[in-house]
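These protein sequence lines are chains Y and A, in that order. Its first residue numbered 573, the first sequence is counted upward by one per residue in my numbering. Its first residue numbered 573, the second sequence is counted upward by one per residue in my numbering.
Keep in mind that the hints were calculated from the coordinates and are not lab data. Don't take every hint at face value.
You can't tell identical chains apart in this list, so a pair holds if it fits in one copy or across any two.
Derived lysine-lysine pairs resembling DSBU-like cross-links, with alpha carbons at most 30 Å apart [claimed, not checked]:
{"id": "1", "residue 1": "701", "residue 2": "834"}
{"id": "2", "residue 1": "869", "residue 2": "617"}
{"id": "3", "residue 1": "815", "residue 2": "670"}
{"id": "4", "residue 1": "775", "residue 2": "742"}
{"id": "5", "residue 1": "666", "residue 2": "683"}
{"id": "6", "residue 1": "815", "residue 2": "683"}
{"id": "7", "residue 1": "624", "residue 2": "834"}
Protein chains: 2
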Amino acid sequence: MNLTVLGCYAATPRTITNPTSQVLEMQNRLFLIDCGEGTQVQLRKNKIKFSKINHIFISHLHGDHCYGLIGLVSTFMLLNRENDLHIYGPEGIKEIIKLQLRLSNSWPVYKLIFHELTSLESEVIFEDKKVIVKTIPLKHRVYTNGFLFQEKIGERKLNINAVQEYEIDKCYFQNIKNGNDITLEDGRIIPNSKLSFDALPPKSYAFCSDTIFDETIVPLIQDVDVLYHESTFLESEAHLSGKTMHSTAKQAAIIALKANVKQLILGHYSTRYPSIEIFQEEAQTIFANVLLADDGKSFTFE
Amino acid sequence: MNLTVLGCYAATPRTITNPTSQVLEMQNRLFLIDCGEGTQVQLRKNKIKFSKINHIFISHLHGDHCYGLIGLVSTFMLLNRENDLHIYGPEGIKEIIKLQLRLSNSWPVYKLIFHELTSLESEVIFEDKKVIVKTIPLKHRVYTNGFLFQEKIGERKLNINAVQEYEIDKCYFQNIKNGNDITLEDGRIIPNSKLSFDALPPKSYAFCSDTIFDETIVPLIQDVDVLYHESTFLESEAHLSGKTMHSTAKQAAIIALKANVKQLILGHYSTRYPSIEIFQEEAQTIFANVLLADDGKSFTFE
Chain Y
573 MNLTVLGCYA ATPRTITNPT SQVLEMQNRL FLIDCGEGTQ VQLRKNKIKF SKINHIFISH
633 LHGDHCYGLI GLVSTFMLLN RENDLHIYGP EGIKEIIKLQ LRLSNSWPVY KLIFHELTSL
693 ESEVIFEDKK VIVKTIPLKH RVYTNGFLFQ EKIGERKLNI NAVQEYEIDK CYFQNIKNGN
753 DITLEDGRII PNSKLSFDAL PPKSYAFCSD TIFDETIVPL IQDVDVLYHE STFLESEAHL
813 SGKTMHSTAK QAAIIALKAN VKQLILGHYS TRYPSIEIFQ EEAQTIFANV LLADDGKSFT
873 FE
Chain A
573 MNLTVLGCYA ATPRTITNPT SQVLEMQNRL FLIDCGEGTQ VQLRKNKIKF SKINHIFISH
633 LHGDHCYGLI GLVSTFMLLN RENDLHIYGP EGIKEIIKLQ LRLSNSWPVY KLIFHELTSL
693 ESEVIFEDKK VIVKTIPLKH RVYTNGFLFQ EKIGERKLNI NAVQEYEIDK CYFQNIKNGN
753 DITLEDGRII PNSKLSFDAL PPKSYAFCSD TIFDETIVPL IQDVDVLYHE STFLESEAHL
813 SGKTMHSTAK QAAIIALKAN VKQLILGHYS TRYPSIEIFQ EEAQTIFANV LLADDGKSFT
873 FE
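The shape of chain Y in the complex, shown without the other chains:
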C-alpha cells in the first residue's frame, strides 16, 4: 500500500503549496482522492501515470478539493483516454462537469461514469476482487464524505517445502491457495494448514477531510492501518476550528487514539502557521504514531 500526497494545504493554492489531492495505490489499483486546482500538474510532477487512474473520489464540493477535476477530465480527453472513468462525489458533481463540457463543446470518447453520493450513512461505493471502498460520513459546512479503502483478505501463501515433500502437482496449487485440503493418490488427506501459510493481513486506509471533531466516525475507522485526518488548526485556534467545522491536530490525535489506528497522518494545514512540525508535536501529546503529510511526499506501508 502506497500513498502519494499531491497536495495537503487548506484553502487557496500558492506558489509553494497545493490544495488537497492524493493517490492511494492498493493492490495495484490507483485511487485518486480529491482533486484541488493544479492536481494534474502535481500528478505529472510526481510521475503518476494518468492512464492508471480509473477511480476518483471527491470528498466535498469546496474548491480546494475539486476545482482541478474538470481540468483532469479534459486532459484525459486530450490524451485520447479510452478506459472508463468513475467519479464518486456529492450530488451536483455531475452537473458541474457536464455543464463545462457542454459549454466547451467537448465530449470525451471515454465513458465518464458518475456515482453521486447523498447518503448520511456509511455505504459501500466500490468493490472488486481485491478492494472495497466505503464512505465515512463527515460533518463539515457542506455534505462531505471521507473514504475507507480496505484490502480484502488475500489468498493463502503456498508452503513450497511442504508441497515438494508431498510431491503435489502444480495443478493443485490454486486449490491450496484457496484454503482447501488435498487428498493424495494414496488416499491420505493433507490439511491445508500443512501446505500453506496465512495470507498477509489486509491493509486499510481511511481518508477523513474536511471534518469537525466528530467521534461518531470512530467505529467506522476502528483499527485501520493508516488514518489521514485533517488538522487545519492547532489548539490555539480551537475557536476557529469549531466555527469553520475543521479539526485541530490534537482532535485528530484523539480520533486516532479512540479508533486504535496504527498510524495517523496529519494534513490540510492552514497556511497561517510558520511550519507544520508543530502539528506533529501537538498530536503526539495524545497519540504516538504521527506522520506529517506534505506535498510530493510518498508513504509506503508494508
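Based on the hints, put chain A in the right spot on chain Y.
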C-alpha cells in the same frame, strides 16, 4: 503599457508551461485576459496584486482559457475582497461560476458582475475616462472573442516655460491641458498650441486567441501598437490548424502585416514543438517585428 504573460501554451497545463492568461496594465488599470488552470498561482509567482484586478476578460469557454476562473473568484473571497469584480465572457460563464459557488455553499461578499457576450459584431464592452475595450469576434470551434484595449487620447502636456513667460496662474493649467486658448488680463489671446504640447499618442493592444486565420479581423485591429495573435502551429502542420481552427505563425504574421501593426507577439504554442524560436523564424519571413510570448515574460511598450 505593460503586458505580463502568465501562460501562453495550448491545451493542458504541464510542469513547465501554463495555459493562457495574461495581465495588461494600461493607464494604471490591470486587466486580466483569460484564466487557464493555475492562473492564481501564476499571479502570485509574478507578484501581481490580486486586489488591483477588477476586470477579467474571457475569450472563450475552452478549458485552457477559463478553468482557473472559479478558483480565482473563490480566492478573492477568502482574501476578503470588497471591490466589485467584472467578468466579461461568453454566455454560460455566469452559470458555470454560480453553479459552483452554490454547490460549495460559498458566496462572495464582493459584487460579482457578469457581462455575458453573444454578439457576432465588435462592440464596446468597457469604457472609462482613460480606456476603452472592444470585442474582436474570432472564428474558433466555440463562440470566441478577442479583445482590443485602447487608451483614449490623453491631456495635452503643459509647456512650463511658456506658462511662466506669460505669467499664467496655476488655476488655468487644467484649462490649458484640456486644449483651450487663454485670454490674458491685458486682453491678449494666447493660442493653446503656444502653451502646451501634444499628448502622448494613445497606445492600443489587441488580444486574438484562439482563432483560425481570418482576415475579417484586419479592419478591427488596423494600426494597433501591439497585436498578440495565436500561433498554435507552424506551416508544416497547416492541415491541423484548419481542422482545429487555430493559426500558424505565418498566418499570424500575415494578419500583422495586413493590419499594419507595430509589434506582433506570438503565443498559444502547441507543445509538440521542441522550441518556440521556430515560431519567430517562420513569422519573420512575412513580418519583421515579432516577439515571442513565454510564461512569466513581461513586455513594456513606451
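Open item on the list: Please sort residue 701 with residue 834 into within, between, both or neither, judging by C-alpha distance up to 30 Å.
Closed with: Within one copy only: 25 Å inside, 65 Å across.
Open item on the list: Please sort residue 869 with residue 617 into within, between, both or neither, judging by C-alpha distance up to 30 Å.
Closed with: both (12 Å within a copy, 23 Å between copies)
Task: 30 Å Cα threshold - placement of residue 742 relative to residue 775 - done: Only inside one copy: residue 775 and residue 742 sit 29 Å apart there, 83 Å across copies, limit 30 Å.
- [ ] If the cutoff is 30 Å on CA atoms, where do residue 624 and residue 834 land: within, between, both or neither? Let me know, please.
- [x] Within one copy only: 28 Å inside, 49 Å across.
Open item on the list: Please sort residue 815 with residue 670 into within, between, both or neither, judging by C-alpha distance up to 30 Å.
Closed with: For residue 815 and residue 670, only the inter-copy Cα distance (25 Å) is at most 30 Å; the intra-copy one is 33 Å.
Task: Status of residue 683 relative to residue 666 across identical chains (alpha carbons, at most 30 Å) - done: both (13 Å within a copy, 27 Å between copies)
- [ ] First find the shortest C-alpha distance between residue 815 and residue 683 inside one copy, then the shortest across copies, and answer within, between, both or neither for a cut-off of 30 Å.
- [x] between (40 Å within a copy, 24 Å between copies)
Every hint, counting from the list given before, is met by this structure.
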